[in-house]
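Enquirer: Residue 0 is where the sequence shown starts when you use numbering that gives the first Met the number 0, and the numbers rise one by one after that.
Here are the in silico distance ranges between beta carbons for each label pair: (1) Lys501 - Asn215: 39 to 49 Å; (2) Asn558 - Asn410: 21 to 31 Å; (3) Asn456 - Ser339: 15 to 25 Å.
Keep in mind the hints are simulated off the structure, nothing from the lab.
Glycine included, C-beta positions come from ideal geometry on N, C-alpha and C.
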Amino acid sequence: MKKNKWKKIFCRMLAVVMSILMMPTSVFAQISVDDAKKINDDWYKPNQKEFSSFDSSKALTVKASYGFRLYKTKNSKFTVEEGKSCKYPTSYNGLDLNIQDFQKEYLWFKTSENSVDKIKVKVSNMQIYQCNDDGSNGHWVKVDMVRTVTGIEKYKGKDGYIALGENLTNTVYVGLKEVKTTSTFYKAGTNTKVSLKSNVTLKDIDSKQYIGVKANKVDGQYVSSNTKLSYKEDNGTYIYYADYDDDYDSQDFTCAAFTFQGDSFEYTFGRNLAEPTRRDQFVGSGQNMTRFKTVPPTKTVTDNNETQVTSNTVEHFGQDWTYNVEQVIPAGIPEAHRYSKFAFEDQIESCLKINSVKVVASKMESTKDATSWFDIKTDGNKVTATLKDPKGNDSFYKYGIYTLKINVSLNIPENASEEQMAALKEQWKQHGHLNETENIVTEENSAKTNVDGVIKNSNNVTTKIEGPEKTVSDADETNVKKNTVRSLADDWTYSVTQKIAKNANEKYTSFAFKDSIEQCMKINSVKIKADNGNDVTGWFDISTVGNEVKASLKDPGSNDEFYKNNSY
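Given only the sequences and the hints, what does the whole structure look like? Please build it.
Expert: What follows is the structure, given as structure tokens:
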């Protein structure tokens, strides 16, 4: 009797254990909002938790280093790293779903076919602007971002859907109670983690929704002074909760903003209801609740075989080059925070000729010629480009990178005579630009920007322009500046060497030698050689009329072989 009784008890215990083991697996909520407290003045903590607003008069201005977000580039790809993706659902439990068009572009997953830590998506080849707190040392960092679903809470084991977007926090779920994602940042193309500084504003937290964020360091938290949100902190996770049923449309009292740094960013999103969601749940990132200090512009120079460098060499006096003045602005500037002034200024040296001026807008994935948005002047070689309508130009704020491009060259008249060149060289010498020994002209340049009255100077760039080198050779002297021949009957050879832009991105429209030989001399022969010693005289049209030697390249636009050498 006793044995049968214990046998029945054991069987019942075994049945309970088996039923537990057979229950659908889930990761239970990491966030409890039961003891979240309504935000008031007690929440405030200087430089850590502060009140800001989309209202310009109430908005805080924070350090420049946090002002930038990740950009997709033309080379970015959005892919599934792990997990089985699916098409977005059109209904759930018999109810139609109205998935928004932009959410349809997300990568969707069924929880019935995937598990925690096994749903991963990757956005490759992104870039983010990084700088010091004061805006100095600005530079771009190439990043791969991997987003992983690290937590799921189901309702009574029922499955649903999760969708992940390309931005840091863009997450949708259907039929669940809570989802946590962790975004990890890697140096592009590697498995090496990289630490970043950035910001995020989470909008439209209402109707019992809550969010939680965690990073290596959350430096600033911001809500509006009239916020309706409640707050708590749990083991380094900062939680904001809408303890009300009302549904609002992204007003500032439904938003929470953060500045953070680290190699990962953890984001939890849920709704405090005793039931699963019957429609899609989404809290996305939005426009900034804070202003950010202006960073200085970055100046680079580009020629036909060097791109965006701070020091370049152009190979002859007739070659042009382009100054690039890049001003980065924070992403997500709301209408109330728009600029009252945005302008470039660049004083170009008087011995240079300005060939063209334009402004290019970029958001990495795409660029736009924005010259028409600016009032451009070039008075006295001083270039200014001022945004015409900074308050009303909606398109301006859809881009985050503005570059003033000024194409210049030495101001040399076409077919300049020897007398004109001598006068120009004297001018270059007086300006301190000409190195007579090496026949090199050096030009330096910097620029500035004016954003809402804050003037920032760029770095300096240097351009060297190399003139032709002339030497003479005879029977016992080779490539010298001065020579002596032993007899009136002896001959000698003048050599004029001109470097070119090897492997040039932009080919020349013309290339010619010109040398006036004294009338008392007889021209015996004319040859053209490449620096590799090959005789390329056949590529040129050569004339010696009136003892003026001219050698013009016949087809500079299509002679690919010409650009494989360094000089002629």
